[in-house]
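Make a model of the complete structure from these sequences and hints.
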Amino acid sequence: DAGVIQSPRHEVTEMGQEVTLRCKPISGHDYLFWYRQTMMRGLELLIYFNNNVPIDDSGMPEDRFSAKMPNASFSTLKIQPSEPRDSAVYFCASNPGGASYEQYFGPGTRLTVT
Amino acid sequence: AQSVAQPEDQVNVAEGNPLTVKCTYSVSGNPYLFWYVQYPNRGLQFLLKYITGDNLVKGSYGFEAEFNKSQTSFHLKKPSALVSDSALYFCAVRGGGSYIPTFGRGTSLIVHP
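Quick note, the sequences are listed as chains A and B, same order. For the first sequence, our numbering gives the first residue as 47, with consecutive numbering after it. For the second sequence, our numbering gives the first residue as 483, with consecutive numbering after it.
Careful: at least some of the hints might be erroneous.
Distance ranges between label pairs, derived from CB positions [said to hold, decoys possible]:
hint	chain 1	residue 1	chain 2	residue 2	range
1	A	G49	B	E546	39 to 45 Å
2	B	G498	A	N96	41 to 47 Å
3	B	S562	A	R87	32 to 38 Å
Short, incomplete list of chain A residues facing chain B, as computed with Cβ under 10 Å [stated by the list, open to error]:
hint	residue
4	I72
5	S73
6	L91
7	L92
8	A134
9	F151
Hints are computed from structural coordinates only; laboratory data are not their basis. In this text the structure is predicted, and so the values were computed from the model without any measurement. Even for Gly, the Cβ is constructed at its ideal location relative to N, Cα and C.
The following block contains the structure:
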């Protein structure tokens with residue numbers, strides 16, 4: 047398997063623009079997670095899905111952030127409008143389900159909002 | 483609620499010396515414990531985990547970790563550090579029937595030549 051795939055790897059955009067990050071989880075994994083990593087706050091869980099259904103979005107910072115999982119092989123994280131403080135590395139991770147399983151992380155998308 | 487503490491932001495060690503990266507946790511019920519490594523500009527990569535059984539767990543790249551239930555700790559160790567081990571290390575815990583792990587803030591390991 048190719049692992050978790052994320053695109054784009056780097057995104058530079060201007061404040062106010064819409065940004066869409068994409069993720070393809072490992073086939074057969076029932077759980078999908080979106081994380082944000084910054085120097086100040088470390089690794090933050092934004093939202094996670096189970097079988098394509100959003101379960102907990104309490105980590106989503108504000109209404110400018112939204113996430114969808116239209117099918118088992120694709121998820122998006124959208125920021126509209128983007129702000130400079132959204133600059134971070136965004137990771138997608140998947141998990142087969144079950145407490146004993148580790149997270150499989152994608153390579154991340156480095157977002158810079160100017 | 484579950485939580486993880488990595489008390490050291492940074493650990494410095496000379497190449498060839500043993501290294502320890504500390505982790506303590508709090509969780510209800512039996513813990514599932516994990517270590518991940520993050521190299522620059524990369525995603526987190528699984529190193530090892532404790533689920534049950536032997537308290538000493540061996541993982542990738544010569545790393546091992548010891549589960550200590552009485553001290554609620556899961557320290558990461560390696561007998562002889564390499565410069566290439568320099569990276570950010572994360573401890574994570576999952577327990578109480580939760581499928582969602584809680585990650586520590588990470589510890590930067592710097593191995594000096």
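Verification of the supplied hints:
{"no.": "1", "hint": "A:G49 - B:E546: 39 to 45 Å", "verdict": "25 Å, violated"}
{"no.": "2", "hint": "B:G498 - A:N96: 41 to 47 Å", "verdict": "46 Å, holds"}
{"no.": "3", "hint": "B:S562 - A:R87: 32 to 38 Å", "verdict": "34 Å, holds"}
{"no.": "4", "hint": "I72", "verdict": "13 Å, violated"}
{"no.": "5", "hint": "S73", "verdict": "18 Å, violated"}
{"no.": "6", "hint": "L91", "verdict": "7 Å, holds"}
{"no.": "7", "hint": "L92", "verdict": "12 Å, violated"}
{"no.": "8", "hint": "A134", "verdict": "14 Å, violated"}
{"no.": "9", "hint": "F151", "verdict": "4 Å, holds"}
In this structure, the earlier hints numbered 1, 4, 5, 7 and 8 are contradicted, and the remaining ones agree with it.
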